[in-house]
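Chains A and B, in that order, are what the protein sequence lines are. Here my numbering is used: position 55 in the first sequence is 55, and no number is missing along the way. Here my numbering is used: position 31 in the second sequence is 141, and no number is missing along the way.
Since the hints were made in silico from the structure, they are not lab data. Source: prediction; values computed, not measured. No residue lacks a Cβ here, since even glycine has one placed at the ideal position from N, Cα and C. One or more of the hints may lead you astray.
Said to hold, decoys possible - Per the computed footprint, the stretches of chain A lying under chain B, defined by three or more beta-carbons under 8 Å from a beta-carbon of chain B, are: (1) 39 to 48; (2) 98 to 106.
Said to hold, decoys possible - Ranges of calculated distance between the beta carbons of each label pair, as one might list FRET restraints: (3) T164(B) <-> A110(A): 25 to 33 Å; (4) K119(B) <-> R3(A): 29 to 37 Å; (5) G113(B) <-> I56(A): 39 to 47 Å; (6) A1(A) <-> P149(B): 48 to 56 Å; (7) D136(B) <-> I109(A): 36 to 44 Å.
Stated by the list, open to error - With a cut-off of at most 27 Å between alpha-carbon atoms, the simulated DSSO-like pairs for lysine-lysine come out as follows: (8) K73(A) <-> K102(A); (9) K102(A) <-> K167(B); (10) K9(A) <-> K65(A); (11) K119(B) <-> K102(A); (12) K57(A) <-> K102(A); (13) K15(A) <-> K65(A).
What follows is the residue order along each chain.
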Amino acid sequence: AQRVTQPEKLLSVFKGAPVELKCNYSYSGSPELFWYVQYSRQRLQLLLRHISRESIKGFTADLNKGETSFHLKKPFAQEEDSAMYYCALSGYSGNTPLVFGKGTRLSVIA
Amino acid sequence: NAGVTQTPKFQVLKTGQSMTLQCAQDMNHNSMYWYRQDPGMGLRLIYYSASEGTTDKGEVPNGYNVSRLNKREFSLRLESAAPSQTSVYFCASSEGTGGDGNTIYFGEGSWLTVV
Numbered sequence: 001a002q003r004v005t006q007p008e009k010l011l012s013v014f015k016g017a018p019v020e021l022k023c024n025y026s027y028s029g030s031p032e033l034f035w036y037v038q039y040s041r042q043r044l045q046l047l048l049r050h051i052s053r054e055s056i057k058g059f060t061a062d063l064n065k066g067e068t069s070f071h072l073k074k075p076f077a078q079e080e081d082s083a084m085y086y087c088a089l090s091g092y093s094g095n096t097p098l099v100f101g102k103g104t105r106l107s108v109i110a
Numbered sequence: 111n112a113g114v115t116q117t118p119k120f121q122v123l124k125t126g127q128s129m130t131l132q133c134a135q136d137m138n139h140n141s142m143y144w145y146r147q148d149p150g151m152g153l154r155l156i157y158y159s160a161s162e163g164t165t166d167k168g169e170v171p172n173g174y175n176v177s178r179l180n181k182r183e184f185s186l187r188l189e190s191a192a193p194s195q196t197s198v199y200f201c202a203s204s205e206g207t208g209g210d211g212n213t214i215y216f217g218e219g220s221w222l223t224v225v
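With the sequences and hints as input, model every part of the structure.
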């Protein structure tokens, strides 16, 4: 069974401080991992996915299959990063829809 | 492009009433989804349709029914609303499910309150 765990409901950091949003997953096959973000009064949108190996808005995430983790990181937090962040998992093979974690609310304090 | 459009945006229902949430996408996507979002519970999949003509249960299907009317439209019906169904409902679509990591596009959400 697919499962995504985001251990922190709320994470508060000061502007300019590093940010790490944790995500662990459970999946027996080869996973596809994503981070989605929901800014205030906006719809959920894709932030990044591991297969793209890209940095979006200064955020990066590395898939660590040994630790079954896909933590989201940013070296210097900005106020506009305040949002709800969801980690999501899909199986690489077969028709398996995305399973989301419970989300972490990031609050960046000025 | 409107992307994913869902209606209504807000609705208050009495316990036992029925209603249908409508969703349409204009991206020619094959797969469509209904999620509910509750505080502390994240996003939970209610039903999904991997392709036109197919529907499957997700994590929390009880109390809901869906119809994939055509490739564009995927509706969610509450036959007899209960207070536990008070939630924010999101419709979403993607080109496919799983596989090559297709991006899911979300609607703006429908706020439903059952009293």
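Against the structure, the hints come out as follows:
Counting residues of the segment 39 to 48 of chain A whose beta carbon lies closer than 8 Å to any beta carbon of chain B gives 4, which meets the minimum of three for the stated coverage. Only when three residues or more bring their CB closer than 8 Å to a CB of chain B does the claim for the segment 98 to 106 of chain A stand; here the count is 6, and the claim holds. Look at T164(B) against A110(A): about 49 Å separates their beta carbons, and that is not inside 25 to 33 Å. Take K119(B) and R3(A): their Cβ atoms lie about 32 Å apart, and the range 29 to 37 Å holds.
Between G113(B) and I56(A) the C-beta distance comes to about 19 Å, which lies outside the given range of 39 to 47 Å. At roughly 24 Å, the beta-carbon separation of A1(A) and P149(B) lies outside the given 48 to 56 Å, and the hint is violated. Between D136(B) and I109(A) the beta carbon distance is about 40 Å. The supplied range of 36 to 44 Å therefore holds. Note on K73(A) and K102(A): the hinted pairing holds, with a Cα-Cα distance of about 18 Å set against a maximum of 27 Å.
Distance restraint check for K102(A) and K167(B): the Cα-Cα separation of roughly 20 Å lies within the 27 Å cut-off, and the hinted pair is therefore satisfied. This hinted pair checks out: K9(A) and K65(A) have alpha carbons roughly 23 Å apart, not beyond 27 Å. Taking the CA atoms of K119(B) and K102(A), the gap is about 23 Å. The hint holds against a cut of 27 Å. The suggested pairing of K57(A) with K102(A) holds, with an alpha-carbon distance near 22 Å, which does not exceed 27 Å.
Distance check on the hinted pair: K15(A) and K65(A) sit about 31 Å apart at the alpha-carbon level, beyond 27 Å; violated.
In this structure, the hints that do not hold are numbers 3, 5, 6, 13, in rising order.
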